[in-house]
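This is what each chain is made of:
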Amino acid sequence: MLNTVILISSGMVGLAMLLCLWRLLKGPDITDRILALDTLYINSIALIILLGLYHGSAMYFEGALLIAMLGFVSTSAVAKYLLRGDIIE
Amino acid sequence: MTSLNNLLAYTDHLVAGLLLFGAFFMLIGSWGLAKLPDFFTRLHAPTKASTLGMGSTLLASLVWFSVQEGSLHIHELVISIFLFLTAPVSAYMMGKAAIHRSRPMVDGTRNAEQAERASERRGLKDEGPESKSS
Chain A
1 MLNTVILISS
11 GMVGLAMLLC
21 LWRLLKGPDI
31 TDRILALDTL
41 YINSIALIIL
51 LGLYHGSAMY
61 FEGALLIAML
71 GFVSTSAVAK
81 YLLRGDIIE
Chain B
1 MTSLNNLLAY
11 TDHLVAGLLL
21 FGAFFMLIGS
31 WGLAKLPDFF
41 TRLHAPTKAS
51 TLGMGSTLLA
61 SLVWFSVQEG
71 SLHIHELVIS
81 IFLFLTAPVS
91 AYMMGKAAIH
101 RSRPMVDGTR
111 NAEQAERASE
121 RRGLKDEGPE
131 SKSS
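Line order of the protein sequences matches chains A and B. For what it's worth, the working numbering labels the leading residue of the first sequence as 1, then goes sequentially. For what it's worth, the working numbering labels the leading residue of the second sequence as 1, then goes sequentially.
It should be emphasised that the hints constitute simulated quantities derived from the structure, not laboratory data. Heads up, the beta-carbon is just placed ideally off N, CA and C, and yes, glycines get one too. One or more of the hints may lead you astray.
[As the list claims (entries may be wrong)] Derived lysine to any residue pairs resembling SDA-like cross-links, with alpha carbons at most 20 Å apart:
hint	chain 1	residue 1	chain 2	residue 2
1	B	Lys96	A	Ile88
2	A	Lys26	B	Lys35
3	B	Lys96	A	Glu89
4	A	Lys80	A	Leu37
5	B	Lys48	A	Leu21
6	B	Lys35	A	Leu24
7	A	Lys26	B	Pro104
8	B	Lys96	A	Phe72
[As the list claims (entries may be wrong)] In silico negatives: residues of chain B with every beta carbon more than 12 Å from chain A:
hint	residue
9	Asn5
10	Leu7
11	Asp107
12	Gly108
13	Asn111
14	Ala112
15	Glu113
16	Gln114
17	Glu116
18	Glu120
Same shape as in the complex, but just chain A (with noise of 0.2 Å):
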């Protein structure tokens, strides 16, 4: 039963993924665009622990746990170019 809840739970998150790039590509201004982005990180690090549930491996919470801090340093490095034409005054 988890099997299938599992590939269900992946196949709605990567429908949210869908929406997050089509909003990504399309978004009239830039802060769409990094709006778009920072939820396309926050969706993939669901899949990530998707994928790790649906193989049964503690392996991939690394790799979720990286995205997660990348995800916030790009998306706030993003945020503060664009507030003041600097990232590190």
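For chain A, the structure is supplied; the task is to place chain B on it using the hints.
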């Protein structure tokens, strides 16, 4: 002990329910991101709904691996605490960047005139020593 075994028998159902809940809320968050009319309403959907879905998915993984390995599996807790801390910060920074770029707002936004004042303060950087505080 029997009650513990009964509890363990329901782990599958608990994990399945948490996974479906989490995936559903992540789908709602991204759907809101694609559908809502302007940036400031779009900002709400991923930062709230997707974070809730993420927390639920990570909780499912925590329960599953804790039961499988017989000890508390703490990695997921680290990821979810990190996400819960960083999601509001990045949302704040993106919203501030959008206000300073004078993004259009949907009709009926409250206090929209204060956004203009806030975006005018961008020029404050070149004016004096007070501009140091960012």
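Comparing the hints with the structure gives:
Under the criterion of a C-alpha separation no larger than 20 Å, the hint pairing B/Lys96 with A/Ile88 is consistent with the structure, at around 17 Å. Straight-line distance between C-alpha atoms of A/Lys26 and B/Lys35 comes to about 12 Å, which keeps the hinted pair within the 20 Å bound. The suggested pairing of B/Lys96 with A/Glu89 holds, with an alpha-carbon distance near 18 Å, which does not exceed 20 Å. With a CA separation close to 15 Å, the supplied pair A/Lys80 and A/Leu37 stays within the 20 Å bound.
For a cut-off of 20 Å, the pair hint linking B/Lys48 to A/Leu21 stands: about 19 Å separates their Cα positions. The suggested pairing of B/Lys35 with A/Leu24 holds, with an alpha-carbon distance near 13 Å, which does not exceed 20 Å. The straight-line distance between the Cα atoms of A/Lys26 and B/Pro104 is roughly 16 Å, inside the 20 Å bound, and the hint therefore holds. Taking the CA atoms of B/Lys96 and A/Phe72, the gap is near 16 Å; set against the 20 Å cutoff, the hint holds.
The Cβ of B/Asn5 sits about 18 Å from the closest Cβ of chain A, beyond the 12 Å cut-off, so the non-interface label holds. Once the 12 Å rule is applied to beta carbons, B/Leu7 is consistent with being away from chain A; the minimum gap is 16 Å. With a least beta-carbon separation of about 17 Å from chain A, B/Asp107 lies farther than 12 Å from that chain, consistent with its non-interface assignment. For B/Gly108, the condition that its CB be more than 12 Å from all CB atoms of chain A holds, with the nearest at approximately 20 Å.
B/Asn111, annotated as away from the interface, keeps every beta carbon of chain A farther than 12 Å; the closest lies near 19 Å. B/Ala112, annotated as away from the interface, keeps every beta carbon of chain A farther than 12 Å; the closest lies near 17 Å. Residue placement check: B/Glu113 keeps its beta carbon more than 12 Å from all beta carbons of chain A (closest about 20 Å). The claim that B/Gln114 is not at the interface with chain A holds, since no C-beta of that chain comes within 12 Å of its own (minimum 18 Å).
Non-interface call for B/Glu116 relative to chain A: holds, since the shortest CB-CB distance, roughly 17 Å, exceeds 12 Å. Against the 12 Å criterion, B/Glu120 stays outside the reach of chain A, whose nearest CB is about 14 Å from its own CB.
In this structure, none of the earlier numbered hints is contradicted; all agree with it.
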